[in-house]
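One-letter residues, chain by chain:
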Amino acid sequence: MQDVVEVHREPRSVEEIRRDFPILSRQVHGKPLVYLDSAASSQKPLAVIEAMNAYYRSSHANVHRGVYEISEEATEALERARTKVARFINARQSKQIIFTRNTTESINLVAYSWGWANIKAGDLIVLTTMEHHSNLVPWQLLAQRSGARLEFVPLTPEGLLQLDVYARLLEQEPKLVAFTQMSNVLGTINPVKEMVAQAHAAGAVVLVDAAQSAPHLPLDVQELDADFVCFSGHKMLGPTGIGVLYGKRELLEAMPPFLGGGDMIRSVSLRSSTWNDLPWKFEAGTPAIAEAVGLGAAVDYLSALGMDWVRQHERSITAYALERLQTVPQLRIYGPVAEEQRGGVVSFSLADIHPHDLASILDQEFGVAIRAGHHCAQPLMEHLGLVATARASFYVYTLPEEIDVLVQGLRRALEIFQV
Amino acid sequence: MSMDYREYILDHYRDPRNYGRLENPTVHVEDSNPLCGDQVSMDLLVEGDHVTAVRFQGRGCAISQAATSMLTEMVQGKSVEEVVRLGKDDILEALGIPISPARMKCAFLGLRVLHKSLVLAGLERPEHDDEL
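Quick mapping for you: the protein sequence lines, in order, are chains V and D.
Just so we're aligned: the first sequence equals residues 1 to 419 in our numbering.
Just so we're aligned: the second sequence equals residues 1 to 132 in our numbering.
Don't read these hints as lab results, they were simulated from the structure.
Treat the numbers as computed from the prediction; the structure is a model and nothing was measured.
Built from N, CA and C at the ideal position, the CB exists for glycine as well.
Hints may contain errors.
Claimed, not checked - Listed next, with one range per pair, are the computed distances between beta-carbon atoms:
1. Arg14(D) <-> Arg26(V): 32 to 42 angstroms
2. Pro256(V) <-> Ala121(D): 48 to 58 angstroms
3. Leu35(D) <-> Gly122(V): 55 to 65 angstroms
4. Lys88(D) <-> Val28(V): 20 to 30 angstroms
5. Gln326(V) <-> Glu7(D): 21 to 31 angstroms
6. Gly122(D) <-> Gln144(V): 31 to 41 angstroms
Claimed, not checked - So, partial list: chain D residues that the calculated Cβ filter (under 10 angstroms) puts toward chain V:
7. Tyr8
8. Tyr19
9. Gly20
10. Pro34
11. Leu35
12. Cys36
13. Gly37
14. Ser79
15. Arg103
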């Protein structure tokens, strides 16, 4: 099977990139779609859609067991995707890439497999108050079952982690530290490399939730030196239903399996089994083969753009958005002021208009898709003293003109609500 | 205009009717919409076969709060028999604007609280509540 991937060597214009995304030419409520919710899920380029189609059209069979041609092709397609992902995040070996359904499943895998084997009553797990529920609830479940303690790194008013408190918590020698690289609400980019080094010095294992960062920042897992890194395909131009757990080999080797079933075993007798090698030990059952192929095409697409370009583009579009949003009366922006500490995510509130009303007006009158709600981060919302915020988030295809439409919509909402 | 938060909706939102608490309610129920955090609590006073007083408190979007305010006007002073029959259509008719599927839960939050209250007060069978 051939890769359906175009390689773009020159930096391309955003207008040109947009033509790769079929959905961006559609209309909603008679207006051109302005998609500002990529932090929830990104749109997909043709290269990804066609790679999945091509796989189903020409090479689909079950993997790792057929001795016939197309099963070998399917196996090769799956394993090639793994290699692409490994290169994309600079993993030492592709066997360190475990395919899961999404970030949530990756974190749960670690919480159940590593957590169950290593966390005991009285042990300390350190998290932060800016975590998405997916990097909070699995540890709550583990703590409830094991009797471990949870402690949280609080935030500054601006939405940065209080690193002095982090350092003090590390003095208590936690077994595990888990935090996000980029907040899905505030956009805060945390100093992961330094935090990992400090945690290691304190003897802790570190899990990094890279759901928001892997799609938007150059990610080098060896440089970060984190023990586990988790992310989702669908936020980085890939399909839904495929996610990644990266882990250090010694840790993954020592961990018991998570799900039991086919593909993850070496031999099975009625009463016991032995486990397959990495990464398949953690991939019970038929995997999401086409989705892995799609993710492979997505990382090819991102690599061709260059992750430095992606970051640069998002920095400038975020700076433009912050500047334009500040011209709207009674608009309040949450999160770091300095753009280098912030990813392409802007949470805000407008006067006393509920974010859901705002999102409805923007959708129905302007074709603008934003997120409104608690963003699966209720403890963070509580810290901000809010029930919900509106959130606009950007990606490789976001144009300044789309920010202008957003701003126009917000002004209209002020008119409608007569504030 | 496709999305007219019409003036009467904004009026109910800004100046909700029957807002507050009752001193000795027959029943008090609170509920929230976990998706967006909209909250509504409701007090009902049932005397004989009539709902003689109703009050609500809440916070959330214009749709959820205005719909609840409108609902209390439909409840106040009505017979229990009439109040039990209030359903989604009554809310949609009162709002009078198209409500997208994602916002239905906002629109019906007050209605859900009302029927929970009626169930709790033993005035309604629990099944009615399930579909909301």
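Results for each hint:
| no. | hint | verdict |
| --- | --- | --- |
| 1 | Arg14(D) <-> Arg26(V): 32 to 42 angstroms | holds, 36 angstroms |
| 2 | Pro256(V) <-> Ala121(D): 48 to 58 angstroms | holds, 52 angstroms |
| 3 | Leu35(D) <-> Gly122(V): 55 to 65 angstroms | violated, 37 angstroms |
| 4 | Lys88(D) <-> Val28(V): 20 to 30 angstroms | holds, 25 angstroms |
| 5 | Gln326(V) <-> Glu7(D): 21 to 31 angstroms | holds, 30 angstroms |
| 6 | Gly122(D) <-> Gln144(V): 31 to 41 angstroms | holds, 36 angstroms |
| 7 | Tyr8 | violated, 13 angstroms |
| 8 | Tyr19 | violated, 16 angstroms |
| 9 | Gly20 | violated, 19 angstroms |
| 10 | Pro34 | holds, 9 angstroms |
| 11 | Leu35 | holds, 6 angstroms |
| 12 | Cys36 | holds, 5 angstroms |
| 13 | Gly37 | holds, 4 angstroms |
| 14 | Ser79 | violated, 34 angstroms |
| 15 | Arg103 | holds, 6 angstroms |
Of the hints listed earlier, those the structure fails to meet are numbers 3, 7, 8, 9 and 14, in rising order.
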